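Asks: Protein chains in written order, with my numbering: chain A, 1 to 448; chain B, 1001 to 1254.
If you are wondering where the hints come from, they were derived from the structure by calculation, not from laboratory data. None of the values given here were measured: they were computed from a predicted structure. Built from N, CA and C at the ideal position, the CB exists for glycine as well. Certain hints may be false.
What the hints assert, rightly or not - Computed spacing ranges between beta-carbons, pair by pair:
| id | chain 1 | residue 1 | chain 2 | residue 2 | range |
| --- | --- | --- | --- | --- | --- |
| 1 | A | 427 | B | 1195 | 36 to 42 Å |
| 2 | B | 1123 | A | 239 | 46 to 52 Å |
| 3 | B | 1115 | A | 380 | 51 to 57 Å |
| 4 | A | 359 | B | 1195 | 40 to 46 Å |
| 5 | A | 359 | B | 1111 | 45 to 51 Å |
| 6 | A | 435 | B | 1119 | 41 to 47 Å |
| 7 | A | 431 | B | 1111 | 26 to 32 Å |
| 8 | A | 427 | B | 1037 | 30 to 36 Å |
| 9 | B | 1056 | A | 420 | 22 to 28 Å |
| 10 | B | 1119 | A | 105 | 36 to 42 Å |
| 11 | A | 415 | B | 1056 | 24 to 30 Å |
Unchecked claim - As a list, the in silico BS3-like pairs of lysine-lysine whose alpha-carbon atoms are at most 30 Å apart:
| id | chain 1 | residue 1 | chain 2 | residue 2 |
| --- | --- | --- | --- | --- |
| 12 | B | 1018 | B | 1226 |
| 13 | B | 1100 | A | 422 |
| 14 | B | 1246 | A | 431 |
| 15 | B | 1151 | B | 1128 |
| 16 | A | 422 | B | 1122 |
| 17 | B | 1100 | A | 417 |
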Amino acid sequence: MCDTTNIYTTLYNNNKDIFAASDPEFITKLRSDAMKFISENGFPAKKDEQYKYSFLEPHFGNGYKRYLAPKAIEFDVSHLFRCDVPALDTHVIILVNGFYFDKVNTLRTHENGIVIGSLNEAIKKYPALIEKYLAKSYSNTDSYVAINTAFASDGVFLYVPKNQQLEKPIQIINVLLSDEELMVQHRNLFILEPNSSAKVVVCDHTLSPVKFLTNSVNEIFAGENAHFDYFKVQNEHNDSVHVSHSFINQDTASNCRSTTITLHGGVVRNNLSVKFNGEGCENHAFGLFVSDQNQHVDNNLFIDHAKPNCTSNQQFKAILDDASTGAFTGRILVERDAQKTAAYQRNSSILLTDEARMNSKPQLEIYADDVKCSHGATVGQLDEEALFYLRSRGISEREARLMLMYAFAFEILNEIKIEPLKDRMSELIEKRLRGELSRCNNCAMHCS
Amino acid sequence: MLIINNLKASINNKEILKGINLTVKAGEVHAIMGPNGSGKSTLASVLTGREYAQVTSGKVSFLGDDLLEMIPEDRARKGIFLSFQYPIEIPGVSMVNFMKTALNEHRKYNGLAPLSASDFLKVMRDKKSLVEIDSNLTNRAVNEGFSGGEKKKNEIFQMALLEPKLAILDETDSGLDIDALRIVANGVTKLKTSENATIVITHYQRLLDYIVPDFVHVLMDGRIVKSGTKELAYELEEKGYDWIKKEVYSEEKI
Ligand SMILES: Nc1ncnc2c1ncn2[C@@H]1O[C@H](COP(=O)(O)OP(=O)(O)OP(=O)(O)O)[C@@H](O)[C@H]1O
Ligand SMILES: [Mg+2]
């Protein structure tokens, strides 16, 4: 058994009675199954196909503090966020270090039966509903997901009943605030029943200059003909490590979109798995990152066309400066019965320096014969001819480069369907490209 | 305004310009004609500061400055404009943002405050009517999906906005239909003053009926081998380049 496995096994053994005292039985079972998975499989090795561009184990074995229950933190929400998308009217939820911050309204049921709140509370109040969904996204995946299952105890819960529409988007603000190095694991569960719809915006922020390790799991269940729009913006500092796993499960004729924008971060790894469990589904996944210094951003997709007549589309872009590195893996699996599948994937990256590196690996695995699939990857520099054209009109080289970078990013920004969010992101990306975006730009704390 | 003195330039160590001499004064129109591949576009590239052609010797002075020492954007701000033979498409960069940035950079260079959004739109409107360019073009990304002729029109629209001192039009007439040619040529003529100058690179005399040149030069194999007045253009149209080749050839023999 390797050291990292040992660390979590010990942590689990020391705490399992405390967990069991408050957990319903099915959770206890999920946790012990997850631990069993970890001890049998260990953590992905350096050469592991899925993690070869992001060897994460050293981070997980590091001496981060791991709190299994919320630690009391002084934090005044009112003066914290002048942020984030001023023109956007949302249900704001704040998670501090992965725990639900609002201690008064931990779980709200709206008139139309929509429930929004803390997962920890929801487990107590709606155990049968949670049991039906929690950890049902996958049969087994990797040990990073497993440690989240084994240790996470809070996060956001959303339930939208049949035929109901959540008009205002939910905005989840993940605040990382600590005076010691910290590991944070939260778990979000979004359940959309047939013909319902919801939009979720997630913002990740580090607010203290210490090292953070985030390992989050999001499970999304979109019922028949449900519409879900998921938007994630990552804005963390260079000492942070962020691993996220999102599982989108789609029933017949459902339509899900996800957009992941990484503005800043030390080491970022985003896993996105999409599974079509019914026919006629649509999934759109967009991603954009801008990296510099020694940052590393890795997007890993797995799109499982298990059923016929589904469409998936993935567009991921990256702009890498300095000695930053990036990776993209896009595996599309078209199963034997999935006739009339349409799957499109594109990954394009711009390297601004000779030191920047991008590994791009689209993968198509097709077992059906009547399918339309295309995929492609490009890694290149800014177009010299375009640059000259702009400069020949009097635009400075710096400005011309910015215009071309922004134009490159715009294709993804333009896919954001929530208008104020699109404007805000466009502004942030522009600032980021100009080098004017300090990570705490929009917050009153201005920690360095 | 522009003095080119024994200018030589190479592309990949192959000499393309082999000693160009040309003087252009304010208020003048010069036409440059010459066979394909003779170096006309290369000359335009060297004057605007494109790096693929390396200047190996010679001097170019523009309004008293050493032009070859200047970076491309400063040349543009100081008043050089090239209407490209092959304008490229730049998806994602809007015409409006492009021209607003360019115009304000010119203004900054000349010590002027940037134009307000509404003033800029007013200027856009005026210049649009000058070249009769459609709004649905100027509302799009730079040249994206424009037809060949629309791209050429768009070059002259940009010229109208930036009001250069020296405009170099590289085969602006190619790809334009008969009406568009007249509109574009008239636009160029309207922009003409005694303060600015134009170099027109073309293969066809037709354009020169609209933009009447004071001088016509023949560029052949990297040199200006013959200069004359507008009548020379008629002669070329009629007889082609062979007779000049023979002339040059026989001169060289002597
Ligand atoms: N980027 C380049 N790389 C290599 N050779 C080039 C390049 N650009 C131009 N040349 C060569 O330089 C020579 C001059 O080309 P140039 O484009 O200046 O000709 P031109 O007189 O403008 O011709 P045309 O009338 O066809 O436009 C040609 O032989 C051409 O092949
Ligand atoms: Mg040419």
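Asks: Now tell me if each hint is right for this structure.
Replies: To see whether the hints hold, each was checked on the structure:
Remark: the range hint 36 to 42 Å for residue 427 of chain A to residue 1195 of chain B is upheld by a beta-carbon distance near 41 Å. Roughly 49 Å separates the CB atoms of residue 1123 of chain B and residue 239 of chain A, a value that falls within the hinted 46 to 52 Å. A C-beta distance of roughly 35 Å is found between residue 1115 of chain B and residue 380 of chain A, which places it outside the suggested range of 51 to 57 Å. At roughly 56 Å, the beta-carbon separation of residue 359 of chain A and residue 1195 of chain B lies outside the given 40 to 46 Å, and the hint is violated.
Hint check: residue 359 of chain A to residue 1111 of chain B, Cβ distance near 49 Å, so the stated range 45 to 51 Å holds. Checked against the hint of 41 to 47 Å, the pair residue 435 of chain A and residue 1119 of chain B fails, with Cβ atoms roughly 30 Å apart. Taking the beta carbon of each, residue 431 of chain A and residue 1111 of chain B are about 28 Å apart, inside 26 to 32 Å as hinted. Against the hinted window of 30 to 36 Å, the Cβ-Cβ separation of residue 427 of chain A and residue 1037 of chain B comes to about 48 Å, which falls outside the hint.
Range check, residue 1056 of chain B to residue 420 of chain A: about 56 Å between beta-carbon atoms, so the 22 to 28 Å window is missed. At about 51 Å, the CB distance of residue 1119 of chain B to residue 105 of chain A disagrees with the hint of 36 to 42 Å. Between residue 415 of chain A and residue 1056 of chain B the beta carbons are some 49 Å apart, a value that contradicts the proposed interval 24 to 30 Å. For the suggested pair residue 1018 of chain B and residue 1226 of chain B, the alpha carbons sit about 14 Å apart, so the restraint of at most 30 Å is met.
The suggested pairing of residue 1100 of chain B with residue 422 of chain A holds, with an alpha-carbon distance near 22 Å, which does not exceed 30 Å. Our distance criterion of 30 Å between C-alpha atoms is broken by residue 1246 of chain B and residue 431 of chain A, whose separation comes to about 61 Å. Taking the CA atoms of residue 1151 of chain B and residue 1128 of chain B, the gap is about 14 Å. The hint holds against a cut of 30 Å. Taken as a hint, the residue 422 of chain A and residue 1122 of chain B pair is honoured in the structure, with Cα atoms around 28 Å apart against an allowance of 30 Å.
A hinted pair counts as satisfied when its Cα atoms are at most 30 Å apart, and residue 1100 of chain B with residue 417 of chain A qualifies at roughly 27 Å.
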